[in-house]
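Trainee: Sequence:
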Amino acid sequence: MKTKKNLQWMAIKIDEKAYDRVRWDFVEASIYAAEVVECIISIPPPMIHGGPDSLSWSKTTSGVFSVKSAYFALKEESWHPQELKWSKIWKIPGPLRVKHFVWLVLKQRLLTNSERVRRGIEHDVSCHLCGHFMEDTIHILRYCSFTKEIWL
Numbered sequence: 001m002k003t004k005k006n007l008q009w010m011a012i013k014i015d016e017k018a019y020d021r022v023r024w025d026f027v028e029a030s031i032y033a034a035e036v037v038e039c040i041i042s043i044p045p046p047m048i049h050g051g052p053d054s055l056s057w058s059k060t061t062s063g064v065f066s067v068k069s070a071y072f073a074l075k076e077e078s079w080h081p082q083e084l085k086w087s088k089i090w091k092i093p094g095p096l097r098v099k100h101f102v103w104l105v106l107k108q109r110l111l112t113n114s115e116r117v118r119r120g121i122e123h124d125v126s127c128h129l130c131g132h133f134m135e136d137t138i139h140i141l142r143y144c145s146f147t148k149e150i151w152l
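Per full-length UniProt numbering, the very first residue in the sequence shown carries number 1; after that it's consecutive.
For the record, the hints were derived by calculation from the structure and aren't laboratory data.
Note that beta-carbon positions come from the ideal geometry of N, C-alpha and C, so glycine has one too.
Check the hints yourself; a few may be wrong.
Cβ pair distances, simulated, as ranges [stated by the list, open to error]:
hint	residue 1	residue 2	range
1	LEU129	ILE89	25 to 31 angstroms
2	SER66	SER87	23 to 29 angstroms
3	GLU122	PRO95	27 to 33 angstroms
Cut-off 20 angstroms, straight-line C-alpha distance, at most; resulting in silico cross-link-like pairs (EDC-like, lysine to aspartate or glutamate) [unchecked claim]:
hint	residue 1	residue 2
4	LYS148	ASP136
5	LYS91	GLU76
6	LYS107	GLU76
7	LYS68	ASP53
8	LYS107	ASP136
All chains should be modelled from the sequences, with the hints used to inform the complete structure.
Mentor: If you want it as structure tokens, here you go:
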């Protein structure tokens, strides 16, 4: 249960994090003595550095932006919310070969004809099993008439 005292403490904690807009108005309506309220109100908001604002890139220790640091930041933090954390795949119970297969599928790295063409190994992207114009991961696992017979 939230009491009035807990709510006041929560307000102080929230305001401490918002350095540029700290307000002490909530203290005036508190149960504290008037001189305590005056003392609290007279406290200026804390300054983080005490100097002017400056731009800083949070992905490097120096604060300086580089393409390399942006690349690694994007590699770590995926822009696709549906993308899994790859380490979770290896924690799935089951044989390692199944985990490896799932990892290859999710990364779209199965050695399909379209992947072979991308790597310069093959020249034809069509499916040699059913004749579809393009053999990619989704086709070979879901739509190929030949592999559908295997899955079913």
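Trainee: Hint by hint, where does the structure go against what was stated? Just the numbers, ascending.
Mentor: 7
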